[in-house]
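Quick note: the sequence shown uses numbering that gives the first Met the number 0, first residue 0, plus one each step.
Don't read these hints as lab results, they were simulated from the structure. Just so it is clear, the structure is predicted and the values come from calculations on it, not from any experiment. A virtual CB, placed ideally from N, CA and C, is assigned to each residue, including glycine. Don't take every hint at face value.
Under the rule of at most 27 Å between Cα atoms (straight-line distance), these lysine-lysine pairs were calculated in the DSS-like manner [claimed, not checked]:
| hint | residue 1 | residue 2 |
| --- | --- | --- |
| 1 | Lys27 | Lys73 |
| 2 | Lys95 | Lys64 |
| 3 | Lys27 | Lys64 |
| 4 | Lys61 | Lys45 |
| 5 | Lys45 | Lys67 |
Quick list of the computed label-pair ranges, beta carbon to beta carbon [said to hold, decoys possible]:
| hint | residue 1 | residue 2 | range |
| --- | --- | --- | --- |
| 6 | Lys45 | Glu86 | 37 to 43 Å |
| 7 | Asn72 | Leu39 | 17 to 23 Å |
| 8 | Lys45 | Trp97 | 36 to 42 Å |
| 9 | Gln23 | Glu94 | 19 to 25 Å |
| 10 | Gln23 | Ser98 | 19 to 25 Å |
| 11 | Lys45 | Glu88 | 42 to 48 Å |
| 12 | Leu39 | Asp78 | 16 to 22 Å |
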Amino acid sequence: MIYIDNFTSEEIVPFYIGQAKDIQRRYKQHFEEILALNRLSYEEYKNYFYSGSSSYYEGKFKACKIFKYMIENKCTLQDFRITILEEVEEENLNEKNWSIFKDYYLHFSALTNLILFLNSLSSDFQIQK
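With the hints as constraints, model all of the structure from the sequences given.
So, in C-alpha coordinates, the structure goes:
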(Lines of atoms letter the chains of each structure in order from A; the text may use other names.)
(Lines give C-alpha, C1' and ligand atoms only; values in the text may rest on other atoms or scores of the structure.)
Protein backbone atom coordinates (compact mmCIF):
# COMPACT_ATOMS: atom_id res chain seq x y z
CA MET A 0 0.00 0.00 0.00
CA ILE A 1 1.32 3.47 -0.86
CA TYR A 2 0.47 6.29 1.49
CA ILE A 3 1.68 9.72 2.53
CA ASP A 4 2.84 9.93 6.15
CA ASN A 5 1.95 13.57 6.80
CA PHE A 6 -1.32 13.35 8.66
CA THR A 7 -2.31 14.90 11.95
CA SER A 8 -4.12 11.74 13.01
CA GLU A 9 -2.90 8.17 13.29
CA GLU A 10 -5.20 7.05 10.47
CA ILE A 11 -3.49 6.09 7.22
CA VAL A 12 -5.25 7.00 3.99
CA PRO A 13 -4.11 4.70 1.18
CA PHE A 14 -3.50 6.05 -2.31
CA TYR A 15 -2.79 2.77 -3.97
CA ILE A 16 -2.88 -0.90 -3.09
CA GLY A 17 -0.91 -3.23 -5.28
CA GLN A 18 1.32 -6.23 -5.27
CA ALA A 19 5.04 -6.69 -5.75
CA LYS A 20 7.43 -9.59 -5.93
CA ASP A 21 10.33 -7.24 -5.13
CA ILE A 22 9.30 -4.50 -2.67
CA GLN A 23 12.51 -2.46 -2.95
CA ARG A 24 12.35 -2.36 -6.75
CA ARG A 25 8.65 -1.43 -6.63
CA TYR A 26 9.23 1.34 -4.08
CA LYS A 27 12.06 2.74 -6.23
CA GLN A 28 9.80 2.66 -9.30
CA HIS A 29 7.00 4.58 -7.56
CA PHE A 30 9.44 7.05 -6.01
CA GLU A 31 11.09 7.74 -9.39
CA GLU A 32 7.67 8.49 -10.92
CA ILE A 33 7.10 11.16 -8.28
CA LEU A 34 10.64 12.52 -8.70
CA ALA A 35 10.03 12.88 -12.45
CA LEU A 36 6.97 15.02 -11.75
CA ASN A 37 9.02 17.05 -9.27
CA ARG A 38 11.37 18.03 -12.12
CA LEU A 39 8.64 19.63 -14.24
CA SER A 40 8.82 23.33 -14.94
CA TYR A 41 5.94 25.46 -13.67
CA GLU A 42 4.48 25.68 -17.20
CA GLU A 43 4.64 21.92 -17.70
CA TYR A 44 3.14 21.36 -14.26
CA LYS A 45 0.30 23.78 -14.99
CA ASN A 46 -0.42 22.11 -18.33
CA TYR A 47 -0.36 18.59 -16.87
CA PHE A 48 -2.59 19.31 -13.91
CA TYR A 49 -4.75 22.29 -14.84
CA SER A 50 -5.18 22.34 -18.61
CA GLY A 51 -8.86 21.43 -18.61
CA SER A 52 -9.71 18.71 -21.09
CA SER A 53 -6.19 17.33 -21.46
CA SER A 54 -5.24 17.35 -17.78
CA TYR A 55 -3.08 14.47 -16.58
CA TYR A 56 -4.72 14.73 -13.17
CA GLU A 57 -8.05 13.02 -13.67
CA GLY A 58 -7.48 10.34 -11.07
CA LYS A 59 -6.13 8.00 -13.74
CA PHE A 60 -2.44 8.28 -12.96
CA LYS A 61 -1.35 7.19 -9.50
CA ALA A 62 1.88 9.24 -9.48
CA CYS A 63 0.05 12.40 -10.58
CA LYS A 64 -2.59 11.92 -7.91
CA ILE A 65 0.04 11.37 -5.21
CA PHE A 66 2.19 14.28 -6.41
CA LYS A 67 -0.75 16.69 -6.50
CA TYR A 68 -1.76 15.67 -2.97
CA MET A 69 1.80 16.16 -1.75
CA ILE A 70 2.01 19.67 -3.22
CA GLU A 71 -1.39 20.75 -1.91
CA ASN A 72 -0.55 19.46 1.59
CA LYS A 73 3.08 20.64 1.64
CA CYS A 74 4.43 17.11 1.97
CA THR A 75 8.04 16.26 1.31
CA LEU A 76 9.48 13.24 -0.45
CA GLN A 77 10.34 11.88 2.99
CA ASP A 78 6.59 11.63 3.68
CA PHE A 79 6.11 9.10 0.86
CA ARG A 80 5.75 5.59 2.29
CA ILE A 81 5.04 2.04 1.26
CA THR A 82 3.93 -0.50 3.81
CA ILE A 83 3.58 -4.25 3.51
CA LEU A 84 0.05 -5.26 4.43
CA GLU A 85 0.81 -8.95 4.31
CA GLU A 86 3.46 -11.26 2.92
CA VAL A 87 2.04 -14.08 0.79
CA GLU A 88 3.38 -16.75 -1.51
CA GLU A 89 3.80 -15.62 -5.12
CA GLU A 90 1.07 -17.95 -6.41
CA ASN A 91 -1.42 -16.29 -4.01
CA LEU A 92 -0.58 -12.65 -4.86
CA ASN A 93 -3.55 -11.99 -7.15
CA GLU A 94 -6.08 -13.57 -4.81
CA LYS A 95 -4.75 -11.70 -1.76
CA ASN A 96 -4.49 -8.43 -3.67
CA TRP A 97 -8.17 -8.70 -4.63
CA SER A 98 -9.16 -9.57 -1.07
CA ILE A 99 -7.34 -6.54 0.38
CA PHE A 100 -8.73 -4.27 -2.33
CA LYS A 101 -12.29 -5.36 -1.49
CA ASP A 102 -11.65 -4.60 2.20
CA TYR A 103 -10.48 -1.07 1.35
CA TYR A 104 -12.98 -0.45 -1.46
CA LEU A 105 -15.55 1.32 0.71
CA HIS A 106 -12.87 3.69 2.00
CA PHE A 107 -11.58 4.38 -1.52
CA SER A 108 -15.02 5.00 -3.00
CA ALA A 109 -16.12 7.21 -0.10
CA LEU A 110 -12.95 9.31 -0.35
CA THR A 111 -13.21 9.53 -4.13
CA ASN A 112 -16.87 10.59 -3.95
CA LEU A 113 -16.05 13.24 -1.33
CA ILE A 114 -13.25 14.64 -3.48
CA LEU A 115 -15.48 14.74 -6.57
CA PHE A 116 -18.23 16.47 -4.57
CA LEU A 117 -15.84 19.09 -3.15
CA ASN A 118 -14.36 19.70 -6.59
CA SER A 119 -17.84 20.28 -8.01
CA LEU A 120 -18.56 22.81 -5.25
CA SER A 121 -15.38 24.75 -5.92
CA SER A 122 -16.32 25.15 -9.60
CA ASP A 123 -19.75 26.49 -8.57
CA PHE A 124 -18.11 29.31 -6.65
CA GLN A 125 -15.56 30.45 -9.21
CA ILE A 126 -15.54 34.15 -9.98
CA GLN A 127 -16.76 34.87 -13.49
CA LYS A 128 -14.65 37.35 -15.50
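Hints versus structure:
1. Lys27 - Lys73: With a Cα-Cα distance of about 22 Å, the restraint between Lys27 and Lys73 holds, given a limit of 27 Å.
2. Lys95 - Lys64: Given pair Lys95, Lys64 holds - Cα atoms ~24 Å apart, limit 27 Å.
3. Lys27 - Lys64: Measuring from Cα to Cα gives roughly 17 Å; hence the hint holds.
4. Lys61 - Lys45: The given pair, whose Cα atoms are some 18 Å apart, holds under the 27 Å limit.
5. Lys45 - Lys67: holds, 11 Å
6. Lys45 - Glu86: 37 to 43 Å: holds, 42 Å
7. Asn72 - Leu39: 17 to 23 Å: Check passed, 18 Å falls within 17 to 23 Å.
8. Lys45 - Trp97: 36 to 42 Å: holds, 38 Å
9. Gln23 - Glu94: 19 to 25 Å: holds, 23 Å
10. Gln23 - Ser98: 19 to 25 Å: Holds - the Cβ-Cβ distance for Gln23 and Ser98, about 24 Å, lies within 19 to 25 Å.
11. Lys45 - Glu88: 42 to 48 Å: holds, 46 Å
12. Leu39 - Asp78: 16 to 22 Å: holds, 19 Å
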